[in-house]
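Chemist: Read off the chains here:
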Amino acid sequence: MGFARAINPHPLPLLADTRATKPVPAPSSSSLFLGSTRTLRPTQTRSISSPHRRSAASAVAAKVSDVKLKSTTNLLVTKEEGLEVYEDMILGRVFEDMCAQMYYRGKMFGFVHLYNGQEAVSSGFIKLLKKEDSVVSTYRDHVHALSKGVPARAVMSELFGKTTGCCRGQGGSMHMFSAEHNVLGGFAFIGEGIPVATGAAFTSKYKREVLKEADCDHVTLAFFGDGTANNGQFFECLNMAALWKLPIIFVVENNLWAIGMSHLRATSDPEIWKKGPAFGMPGVHVDGMDVLKVREVAKEAIGRARRGEGPTLVECETYRFRGHSLADPDELRDPDEKARYAARDPITQFKKYLIENKLASEAELKAIEKKIDEVVEEAVEFADESPAPSRSQLLENVFADPRGFGIGPDGRYRCEDPKFTEGTAQV
Amino acid sequence: MASIFQGVGAATSLDTKKFQLSSLRSVTGRKASCVVMRSGGAKMDGGSNQISGRADQLVTNAVATKADTPAASTASKPGHELLLFEALREGLEEEMERDARVCVMGEDVGHYGGSYKVTKGLAEKYGDLRVLDTPIAENSFTGMGIGAAMTGLRPIIEGMNMGFLLLAFNQISNNCGMLHYTSGGQFKIPVVIRGPGGVGRQLGAEHSQRLESYFQSIPGIQMVACSTPYNAKGLMKAAIRSDNPVILFEHVLLYNLKERIPDEEYVLNLEEAEMVRPGEHVTILTYSRMRYHVMQAAKTLVNKGYDPEVIDIRSLKPFDLYTIGNSIKKTHRVLIVEECMRTGGIGASLTAAITENFHDYLDAPIMCLSSQDVPTPYAGTLEEWTVVQPPQIVAAVEQLCR
Numbered sequence: 001m002g003f004a005r006a007i008n009p010h011p012l013p014l015l016a017d018t019r020a021t022k023p024v025p026a027p028s029s030s031s032l033f034l035g036s037t038r039t040l041r042p043t044q045t046r047s048i049s050s051p052h053r054r055s056a057a058s059a060v061a062a063k064v065s066d067v068k069l070k071s072t073t074n075l076l077v078t079k080e081e082g083l084e085v086y087e088d089m090i091l092g093r094v095f096e097d098m099c100a101q102m103y104y105r106g107k108m109f110g111f112v113h114l115y116n117g118q119e120a121v122s123s124g125f126i127k128l129l130k131k132e133d134s135v136v137s138t139y140r141d142h143v144h145a146l147s148k149g150v151p152a153r154a155v156m157s158e159l160f161g162k163t164t165g166c167c168r169g170q171g172g173s174m175h176m177f178s179a180e181h182n183v184l185g186g187f188a189f190i191g192e193g194i195p196v197a198t199g200a201a202f203t204s205k206y207k208r209e210v211l212k213e214a215d216c217d218h219v220t221l222a223f224f225g226d227g228t229a230n231n232g233q234f235f236e237c238l239n240m241a242a243l244w245k246l247p248i249i250f251v252v253e254n255n256l257w258a259i260g261m262s263h264l265r266a267t268s269d270p271e272i273w274k275k276g277p278a279f280g281m282p283g284v285h286v287d288g289m290d291v292l293k294v295r296e297v298a299k300e301a302i303g304r305a306r307r308g309e310g311p312t313l314v315e316c317e318t319y320r321f322r323g324h325s326l327a328d329p330d331e332l333r334d335p336d337e338k339a340r341y342a343a344r345d346p347i348t349q350f351k352k353y354l355i356e357n358k359l360a361s362e363a364e365l366k367a368i369e370k371k372i373d374e375v376v377e378e379a380v381e382f383a384d385e386s387p388a389p390s391r392s393q394l395l396e397n398v399f400a401d402p403r404g405f406g407i408g409p410d411g412r413y414r415c416e417d418p419k420f421t422e423g424t425a426q427v
Numbered sequence: 001m002a003s004i005f006q007g008v009g010a011a012t013s014l015d016t017k018k019f020q021l022s023s024l025r026s027v028t029g030r031k032a033s034c035v036v037m038r039s040g041g042a043k044m045d046g047g048s049n050q051i052s053g054r055a056d057q058l059v060t061n062a063v064a065t066k067a068d069t070p071a072a073s074t075a076s077k078p079g080h081e082l083l084l085f086e087a088l089r090e091g092l093e094e095e096m097e098r099d100a101r102v103c104v105m106g107e108d109v110g111h112y113g114g115s116y117k118v119t120k121g122l123a124e125k126y127g128d129l130r131v132l133d134t135p136i137a138e139n140s141f142t143g144m145g146i147g148a149a150m151t152g153l154r155p156i157i158e159g160m161n162m163g164f165l166l167l168a169f170n171q172i173s174n175n176c177g178m179l180h181y182t183s184g185g186q187f188k189i190p191v192v193i194r195g196p197g198g199v200g201r202q203l204g205a206e207h208s209q210r211l212e213s214y215f216q217s218i219p220g221i222q223m224v225a226c227s228t229p230y231n232a233k234g235l236m237k238a239a240i241r242s243d244n245p246v247i248l249f250e251h252v253l254l255y256n257l258k259e260r261i262p263d264e265e266y267v268l269n270l271e272e273a274e275m276v277r278p279g280e281h282v283t284i285l286t287y288s289r290m291r292y293h294v295m296q297a298a299k300t301l302v303n304k305g306y307d308p309e310v311i312d313i314r315s316l317k318p319f320d321l322y323t324i325g326n327s328i329k330k331t332h333r334v335l336i337v338e339e340c341m342r343t344g345g346i347g348a349s350l351t352a353a354i355t356e357n358f359h360d361y362l363d364a365p366i367m368c369l370s371s372q373d374v375p376t377p378y379a380g381t382l383e384e385w386t387v388v389q390p391p392q393i394v395a396a397v398e399q400l401c402r
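These protein sequence lines map, in sequence, to chains C and F.
Residue numbers are given in full-length UniProt numbering: position 113 of the first sequence equals residue 113, and the series is strictly consecutive.
Residue numbers are given in full-length UniProt numbering: position 26 of the second sequence equals residue 26, and the series is strictly consecutive.
Incorrect hints may appear among the rest.
Claimed, not checked - Distance condition first, Cα-Cα at most 30 angstroms in a straight line; then the derived BS3-like pairs of lysine-lysine:
1) K212/C with K117/F
2) K205/C with K120/F
3) K358/C with K371/C
4) K127/C with K366/C
5) K117/F with K419/C
6) K351/C with K131/C
7) K330/F with K299/F
8) K79/C with K212/C
9) K258/F with K245/C
10) K205/C with K125/F
11) K127/C with K419/C
12) K371/C with K127/C
13) K274/C with K107/C
14) K120/F with K207/C
15) K212/C with K299/C
16) K352/C with K370/C
17) K245/C with K120/F
18) K117/F with K205/C
19) K207/C with K329/F
20) K419/C with K329/F
21) K120/F with K212/C
22) K245/C with K130/C
23) K299/F with K245/C
24) K338/C with K274/C
25) K371/C with K274/C
26) K79/C with K352/C
27) K338/C with K351/C
28) K212/C with K274/C
29) K130/C with K371/C
30) K258/F with K299/F
31) K205/C with K131/C
32) K212/C with K125/F
33) K130/C with K274/C
34) K130/C with K299/C
35) K245/C with K131/C
36) K107/C with K370/C
37) K358/C with K419/C
38) K207/C with K258/F
Treat the hints as calculated values from the structure; they're not laboratory data.
Based on the sequences and whatever the hints tell you, model everything.
Modeler: Here is the structure:
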């Protein structure tokens, strides 16, 4: 295999660095703790502010013992790449913050799930992709769409339910699709996007082997959360992807919470990366708050997939700074936990890295932030000014071939009825 | 019972139809060598998307009437005889040959050749990737088929038994049906989901399910049911060529029906019903296996002096209200005979649609004969009583025409 199982991954840092043996906390209401009784190994001491990025290769080493931190003089990104990634992360953050504002001002409705805090995963992975590669996400998909290249104005319009949105206003927050940028959704039910991603990877392999497009090496990324990792579709797809060596990477954004359900209370073995080797693919655990580490792991995994070596399961330990959705009061999570992760904000970390390694100046980064502010504001203006869908749009996209509405009593296809285009036809 | 499965009723009725169809078909000199037959006689280019207006005439010519022509027609007619499952395979193979993006996925479709042999020989010919043996994971491989369809392939997903597709309901409802809409028309899902369903020979409750009623509310999908080798092949091809997701319902007991079908390529229309036997007294609407029970009852009815018009609705969603409506306007009496459950079945929907659209033309309330709302029992006698039998159909027509 390309890289071997991570035997000693960085454990889940629910425990503070100094307390080595704190037991897993029991919920206050019940006496019996229904969750994983495995004690988590203490976090190894590592200074996250170290200027020398630990090589993420340590996360995937075959060695049994922990790999020593290597100080490397080679930086992991060039200035260009660094700025690109930084801009993408800032876009994700500013956009989501704007969504919150707009939601509370009554411009968007329904369920809106924000990505604040998880930007390192999206930028770390998606910025390595080509346009032809595909991304499949869940309902927390705004930032995945943005990273993949869908314009901010198209996403914002979609959220406002306008006809200029990427899905003509018909999808909404949880269904971001873009044929141009190969964003295959946007799914409301967890787990249901994973088979779709598996299908996209299957097409890539099919194109190469059956249609003989020899240079087709498109990969697919499937993003989903810790809650999904207990779902049948996840396991079924791990099996099929490994069986047929499909060019797919399963990216688990483990933010420890599925609405109010702690990952530990829902999962018998909370180390999700381990489920990869059980199906015959490498399982990797990576610090999802560190964009460069994510990027290193992503490079390896995407390279594997492109070479036809098969799938990889990557567990990114990350955190969402906001609630599950804008309707979630977020009362169950421990404020200490939130504070700990807020201190590891991926954007702050990366900014520090860029400056300390002289890849960018404070001014350059500020300029990027300003630019993004303008982009997002412009997106809001655009969405505000865009028209809402007219009635004629109601029936248009139900079928790719509208003859599917059938033949009416008068012998004509219903879609030939002029009222069809007005959206008032009886179908 | 056995006579039904030799397709005796069907053979006589269809021989004449095919004879007439081949005379209707003209060589147009187009590149596409096949012609889409519409039962009104109007022709459509099988490859184009043009929506042609329907001929305003009553459907009379695509039909068989009495059993007086078979001898003459079989002698002079071209075509080849085959069984229904072979017809499905032929249609499938022709489409796979025509378009390299067409692929099959399902359990045991490859090396095993399909549990009902519909895909026999295809894996050897096209390879293991194009005829993909999947693990037993309906929800996921159906979703995989949908993802493949979104990214350019045209998969045919086989459920070994229709009932297994209940496990794929999430994908069929949420993704298959709705994705084209929620993506604002950006992605199409040209999948065909097919498999055998219906009550078989003492297969037990879970293997005897009829899922038409469960799927019919899903917006964005089309459902068709085949009943003869001729329409099986035609519908299979039409479903594969359609850009919409289509669920093709086959029936376990009809796979060994034999019929002679044309050698020339043909594609049927997904949205049309099929006139099986024109008549004057009563319209009998049916589909799939019940067509044969109806035709058997029709023989008895004819002897008793009735003249039933039998229509195989074929398209379960959407209904062909034109063919159905024309028939009702003629006969003013409707009997629906289906194998679906009574509650919320296709018959229930059809009754509603007819009442809405053709109420003024009815001389009597619509009668609907469906299967009992009972899990299909194993015992043969009990099983027989759960589905509609010809004597019940005869009795119903007699009552309707009183």
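Chemist: Against each hint, give a clear statement of whether it holds in the structure.
Modeler: A quick look at each hint next to the structure:
Taking the CA atoms of K212/C and K117/F, the gap is about 28 angstroms. The hint holds against a cut of 30 angstroms. Restraint check: the Cα-Cα separation between K205/C and K120/F comes to about 24 angstroms, which is no more than 30 angstroms; the hinted pair holds. Between K358/C and K371/C the alpha-carbon distance is near 21 angstroms, which keeps this suggested pair within the 30 angstroms criterion. Note on K127/C and K366/C: the hinted pairing holds, with a Cα-Cα distance of about 21 angstroms set against a maximum of 30 angstroms.
For the given pair, K117/F sits about 45 angstroms from K419/C by alpha-carbon distance, which is inconsistent with the 30 angstroms threshold. Under the criterion of a C-alpha separation no larger than 30 angstroms, the hint pairing K351/C with K131/C is consistent with the structure, at around 26 angstroms. Taking the CA atoms of K330/F and K299/F, the gap is near 21 angstroms; set against the 30 angstroms cutoff, the hint holds. A C-alpha spacing of about 38 angstroms is found between K79/C and K212/C, which places the hinted pair above 30 angstroms, so the restraint is violated.
For the given pair, K258/F sits about 42 angstroms from K245/C by alpha-carbon distance, which is inconsistent with the 30 angstroms threshold. Between K205/C and K125/F the CA atoms are separated by roughly 19 angstroms; this keeps the pair inside 30 angstroms, and the hint holds. Taking the CA atoms of K127/C and K419/C, the gap is about 45 angstroms. The hint is violated against a cut of 30 angstroms. A threshold of 30 angstroms between alpha carbons decides the hint, and for K371/C with K127/C the separation of about 19 angstroms falls inside it, so the pair holds.
With a C-alpha separation of about 42 angstroms, the suggested pair K274/C and K107/C falls outside the 30 angstroms cut-off, and the hint is violated. Between the alpha carbons of K120/F and K207/C the distance comes to roughly 24 angstroms, so the proposed pair stays at or under 30 angstroms and holds. Annotation: proposed proximity of K212/C to K299/C holds, straight-line Cα distance about 26 angstroms (limit 30 angstroms). With a CA separation close to 18 angstroms, the supplied pair K352/C and K370/C stays within the 30 angstroms bound.
Pair hint K245/C plus K120/F holds up; C-alpha atoms about 26 angstroms apart against a cutoff of 30 angstroms. A hinted pair counts as satisfied when its Cα atoms are at most 30 angstroms apart, and K117/F with K205/C qualifies at roughly 27 angstroms. For the hint linking K207/C to K329/F, the alpha-carbon distance of about 52 angstroms lies beyond 30 angstroms, and the restraint is violated. Pair hint K419/C plus K329/F holds up; C-alpha atoms about 25 angstroms apart against a cutoff of 30 angstroms.
A hinted pair counts as satisfied when its Cα atoms are at most 30 angstroms apart, and K120/F with K212/C qualifies at roughly 24 angstroms. Distance restraint check for K245/C and K130/C: the Cα-Cα separation of roughly 20 angstroms lies within the 30 angstroms cut-off, and the hinted pair is therefore satisfied. At most 30 angstroms may separate the alpha-carbon atoms for a hinted pair to count; K299/F and K245/C exceed this at roughly 58 angstroms. Distance check on the hinted pair: K338/C and K274/C sit about 26 angstroms apart at the alpha-carbon level, within 30 angstroms; holds.
Among the hinted pairs, K371/C with K274/C is inconsistent with the structure: their alpha-carbon atoms are about 41 angstroms apart, more than 30 angstroms. Our distance criterion of 30 angstroms between C-alpha atoms is met by K79/C and K352/C, whose separation comes to about 14 angstroms. For the suggested pair K338/C and K351/C, the alpha carbons sit about 21 angstroms apart, so the restraint of at most 30 angstroms is met. At most 30 angstroms may separate the alpha-carbon atoms for a hinted pair to count; K212/C and K274/C exceed this at roughly 35 angstroms.
Restraint check: the Cα-Cα separation between K130/C and K371/C comes to about 24 angstroms, which is no more than 30 angstroms; the hinted pair holds. With a C-alpha separation of about 20 angstroms, the suggested pair K258/F and K299/F falls inside the 30 angstroms cut-off, and the hint holds. Restraint check for K205/C and K131/C: satisfied, since their Cα atoms lie roughly 17 angstroms apart, inside the 30 angstroms limit. The straight-line distance between the Cα atoms of K212/C and K125/F is roughly 16 angstroms, inside the 30 angstroms bound, and the hint therefore holds.
In summary, the hint linking K130/C to K274/C is supported, as the alpha carbons are separated by about 29 angstroms, within the 30 angstroms threshold. Taking the CA atoms of K130/C and K299/C, the gap is about 12 angstroms. The hint holds against a cut of 30 angstroms. About 22 angstroms separates the Cα atoms of K245/C and K131/C, which keeps this hinted pair within 30 angstroms; it holds. For the suggested pair K107/C and K370/C, the alpha carbons sit about 24 angstroms apart, so the restraint of at most 30 angstroms is met.
Note on K358/C and K419/C: the hinted pairing is violated, with a Cα-Cα distance of about 64 angstroms set against a maximum of 30 angstroms. A C-alpha spacing of about 38 angstroms is found between K207/C and K258/F, which places the hinted pair above 30 angstroms, so the restraint is violated.
Checked against the numbered hints listed earlier, the structure breaks hints 5, 8, 9, 11, 13, 19, 23, 25, 28, 37 and 38; every other hint is satisfied.
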